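Going down the list, the sequences are from chains A and B. Each residue of the first sequence is one higher than the one before, counting from 1 in our numbering. Each residue of the second sequence is one higher than the one before, counting from 383 in our numbering.
Derived from the structure by calculation, the hints contain no laboratory data. Hints should not be assumed to be uniformly reliable.
Derived pair list, reagent style EDC-like, types lysine to aspartate or glutamate, alpha-carbon separation capped at 20 Å [claimed, not checked]: (1) B/Lys796 x B/Asp864; (2) A/Lys305 x B/Glu493; (3) B/Lys763 x B/Glu834; (4) A/Lys305 x B/Asp494.
A quick note: this is a predicted structure, and the numbers were derived from the prediction, not measured.
The lines below spell out each chain.
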Amino acid sequence: MSEVLLVDSVLLLLVTVCAVAIIEVRSLYAVAMLTSVYSLLMALVWTNMHSMDVAFTEAAVGGGISTILLIGTLVHTRRDEKPAKKRLHVPALLVTILTGAALIYGTFDMPRFGDPNATIHHYRVPEMMAQNVGFVSQRAGKQTPPEGFVPPPRMVPTIPKADPHHGEHAEAEHHEEGGHHKHPADDFNGHVPNSVTSLLAAYRGYDTMFETTVIFTAGISLILLLRRRRDDEPQAGETLRGQVILRVMTKMFIPFILVFGFYVITHGEIGPGGGFQGGVILATAFILYALIYGRNALFRIIQPKVLDVLAAVGVLLYAGVGVACLLLGGKFLDYSALNTASPGDGEALGMTLVEYGVGITVCTVMIIIFNQLAEQAEAKAS
Amino acid sequence: MLDIQANLPVLVVVLPLLGGILTTFTGRGLLPWAWAVAVTGTTFALTLRLMATLLESGAPYISYELGNWPAWWGIEYRVDLLNAFILLVVAGVGFVTTLYARLSVRKEIPEDRHNFFYAVWILAITGLLGITVTGDAFNVYVLLEISSLTVYALIAMGKDADRRALTAALRYLILGSVGASFILLGIGYLMMVTGTLNMEDMHNQLLRMADLNEHRTVLVAFAFLVVGLSLKMALYPLHMWLPKAYTYAPSAVSALLAATATKVGVYMAFRFLFGIFGVGFSFYAMPSHLILLAMASLGIVFSSLSAIRQTNAKSLLAYSSVGQIGYIVAGFSLANPNGVAGSIVHIFNHAVTKGGMFMALGAVAYRVGGTDLRDLRGLGKKMPLTMAALALGGLGLIGMPLTAGFVSKWYLVKGAFDAGMWGLAVVVLFGSLLALVYVWRLIEAIYFQEPEGRSAEATEAPLSMLIPIWILIGMSLYFGVDATFTGETAMRAANGLLGGAP
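Bound conformation, chain B alone (with noise of 0.2 Å):
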């Protein structure tokens, strides 16, 4: 019979890969729903045995070879501590928005094709997780064709309720696309001068070439992979898809997205930095972590003045996200223990964080329509506790203390002292205080002007929404207080990138 404990890292995937096929069966009615929440549910507690599996068994990684080829000619899954994080973070985060998407999705996607919206929807987060789980360069580009593909037909299922919506996801196509393009050239280019697609193997191959560090194919496939990576992960200046297809996805697609989508972009850009090229050569032997540094710091201030600007309190968040991912590629940047694991535990912070804003404003544009901060005028008195929510969010992208966003800043600007680069830190405070203007105006919205129009007649969210809600931000708050297990986790698989394991 099945094994599971020996297949678990390849079940992480399957699973969720055979569940989203088969939700194209699942007809009408609530049924699509329970079966996302069902497969979503067992593949967040596969990952959980998975993480346990690893910590208890005290090895620093599980190698999974699929169809028993061995590694080095066939295609291994291989998880350390670092994406088993990764993979909690990306089937925790889909599951409590799968919970949460039942009435947002009835609302904002037509009846007759649920069981398709949710197939697709299980099959972005099987290819998200599959780019986690892997330790093979290409499989990891075929898994990133799914995630894309799935992730640009969801954002424009939001053309129902705007049309704009189907240019916000074709301009992601085509960037995506692009980005795709230039990450298979660079896998491409590895691969000719390696011989292998194993990252490992890869990564021993090119420890070998004596000149490694003036062999011009290598060079152009660094720098291919750094764009097309930077593409993917929305690194300023090449976010410009990212805040229209937040914006005008619908609710429930913007909260997935903006918990995980880009957080897998940065995950990749850790395999093929730190493990395939290696520490030496991806930020020693060319002024390589400066330039990311320089992008992170400008993508850093200008999202945020941006998000200073917005009229619609999803688009605000969305630039927001922007100058959070300048955070978390500020702290790889640094290339020491503190600033990567402030990078990692960003990853998770973030998650939780923005998923439960996102979440939140679903529930605004549920019960009041729309999400410009017109509507959200007042909804202090009429949506409390979904209001409480997205403000103990906000104080978490403004990093204070006791909320999870304080733990990254706190490692970064460790990061930033370690490396005696004095003016990051000073960068991540001036962060923190555009954020602390574009969060004031939602609060200010909330809670110090009176509702009007279309929020007049809003009521609380329905518990279904609000619990997931709670979930996430409650997490932001726990973490924030009680970091020990982020912590480490993150400042553990900090160190073992900064090892060189691939």
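If we strip away everything but chain A, and leave its shape as in the complex, we get (with noise of 0.2 Å):
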């Protein structure tokens, strides 16, 4: 048994002790705080499968800001859950069941976990994990390889069963080939040794602008539902006047914060995060500083009207991006467009745009749910 096996055993035995922890404790309260803790532990799972931009996410998002959201939740509901009255409901019960049985019947046929023959490792995903897309397909437009560049042997597209006996030495083959790190001349000019990152925000970044889109979708929304009228006064925030250790350590953990959240949008490119997760850790800043402050100090620092404005920029901007390359005669989204002299740098110039489209709008929508949420509990305490 390897190490990662255990670590992972360990890992999803703690994540399924709190799943039925979640559906059994009755506190509201506590179940908040567990969701937050099933997060972190997913966040170690995905950090174990070497997938740090998912695990950066789940911590940031999961762990994070959702926890405070549905704290946010609890203020409107009871704190408990009513006690149920039918203990077992059967047909949910089985289609429960039936659902698990399914899921586990998928797996018989699956290929292994790093098993190095499936057909995912073979089959259009290597272009993209050595960002070598356009170059492969001679695309036009795109970054033109340099004299003598080769492309990599591709593998006949077959896909095979899953082999039992596969898998074992599947990570050390993969960080072989795969070295982001060595080739310069990508369709990138070696401006994004992140993979994932030129997968969310180049090869499928109109995915990703939708994706914001859904964020600023979810904040508009909760304006239309919760929203109170325009005419009412707004109410004063409560403060936390005696509680002196907090207000200093506020004060002094906020400019880390934002300086910590403008380097993960900046640096996705690089390492590990972008613009979902800066702007949550950005929104995180602010959020600290309304609980502990008020919420009339975050309004003299930045107006709830100004963050309305601010969710549409940040996906105006996604879009724009993609609006001008159509303007400047490419296709949409297509950022080699915006520096036709060095495609590759017009590719980077254009994803580190919609990456910081992505954090305004993040960051501005998480301000406005937990606003719309604090709005509404200090309105039914007065």
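Quick one: dock chain against chain with the hints and give me the complex.
The following block contains the structure:
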């Protein structure tokens, strides 16, 4: 048994315990905290799988901001779950068992974790990992390969059945060929060593634009449903006047949180992270400030109206980059049109811009959601 | 400068996306609505031009590679006759319902948030268009998120008229999320075994698998996708979210949803079952078509029976919608040209018929204040034009000759005979009988009872509502008499699907 498997087993056991606890515990406050624990455990599982970007997102979004929002929601509901009248709902149980059985049945023919013969390691994905999609396809307008560049040989696309004997040495082999740091001559002129970022912001940048739109939609839907009439007086936020330690520590922390947030957004192409994670981190700084100093103090820095505008500005920046590419004669979101002299640099520029678009929308929408929840709670209290 | 012709496929989605986001800046008053009309109108014009371009080029499809990345690695938009047709339906009905929405929304949604309402409204249409235009399996899911999220919010906006809109929206949110999770799992499993997300590439990869029909991961992916899609298109017995959602949603929202949302669900089923898995796997390798046919038949019968029992006209139409989905699913489950064409043509026919009828009920809600059958009493005299539209729509639901509903059922019955399934033809006819009963309940209230209470003071609906209602109902009549365009397009699209075009 490998160490990786051992750690995974322990983590997954803890995750299961956590999930059962979430179902069983009556106190909703405890449930909110347990979901946070669940997410942090999952972040460790992702880390163990070497998917750092996913782990980072899980930690920032699942472990961080959604816990705050869940607790914010709790202010509106009771703190304890109503005791269920009927303990066992047989049809529901059957559906759950059936689904679980199907999930397990589906794994029987799955390639084993890390199996080097799995289709996913041969078909389409290698070019994306090596970031030479544009090279291999000789796409006009994209970065041209330097003299003498030979695209790596591709295996014939075949789909083998999962072989139980494979998978033991998958990791090692994968690392040898997948060294992203060795090829400055790629689709992005070597600017984007993190292949996750190149996948999300470039190859599938169109999906990411709509994921950002999902966040934006969540924000404006909440405004639509929960915002009080504009004519009403804004409610004063409660402040923790006596809590000197909290107040001082908050002020000390906030600059570091902000710098880290901007770092994560800007350097998503090098390390784990990007607009989503960075935006969430930035938002926590503002939410922390509002929690300790009151929402009125937050509004002195940033007005709710400005937040509404910024939420739209982020998505507009993303889509605007796409439209700019159209106007420059490229296809939608073809960043290479931004810099025809050096298409790879154009790609990198476009990706940085859209990451900022994502960051702005995610950050402001998180603050908007927090704000709406807090506003409702204060309205209820008064 | 911007080359509109070359970028048509992406503009169909990006224009309403930008328009929807910008709607948040339109402030109060008439501007949000006027802006929404402009955006949806331009989008409709773009889909018309896209259809014209496709027909003129004579090519089987138009492909557009986003970001200029090759389709196999990046995201591809692929427009063939089928989705060009569905795009027309969605954008067209979206435009007409937006035209209609002004007064209805002014009455039902607080004035200070019309900009946000229309923003969410346009984004919902954007999501539906985005699902329809794409040739990428994961892109479908991302746009599905947008269309679902916006629709939950739009339904919940019925809360000011009736608090039950909130529970209806929550119920849909939970069931819709379960459905979306199944769809996501299915796509993930397919990605795992095929290594790609492009629909055509995925299909070819699946065909290369020697053990496709026994591959357990593929089987589970198929099962998950069918369950998830059935939830999304409200196939009996997974329709539980639909009746209340349509009943308590704001009038304009009910009309938009009834005409487009479940139809796009059916479209997704076309792409996954015919395009990705292929006809052989989806309909012949397993008895899955029999299961779908059984569910569809049960849906036609039981939801029509439920429709008969409703006392609220919106609920009645909502249950009828579940039954109509039954016809659509039954059609494509036959997997023969007539059946599939019937299914496609019914997407259009039912969209215009039901959209028009829900808009007519919205006019009743506007003038009378409710849509209970009691509120409809005697309205034949008070609101003759609105009620005539409602009644003609009702005839379409029954499938009377000279209405569009007849054309779809004609194809459907032919398809059933082609497949040697006499039973299905009987179910279709029996369903029409049941439809006659529930439509009669509407007609009886409208024309054979005296106005009483609230309905006594009602007056004819304003022109700004009547025109959009009659555009849709007029189309359901026109395409009932001359079904050349819809029928031929549907038949060609059906042959494309059966030929394995992803």
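Against the structure, the hints:
For the proposed pair B/Lys796 and B/Asp864, the alpha carbon gap of about 18 Å is at most 20 Å, so the pair holds. Annotation: proposed proximity of A/Lys305 to B/Glu493 holds, straight-line Cα distance about 17 Å (limit 20 Å). For a cut-off of 20 Å, the pair hint linking B/Lys763 to B/Glu834 stands: about 12 Å separates their Cα positions. The straight-line distance between the Cα atoms of A/Lys305 and B/Asp494 is roughly 14 Å, inside the 20 Å bound, and the hint therefore holds.
The structure is consistent with each of the numbered hints, conforming to all of them.
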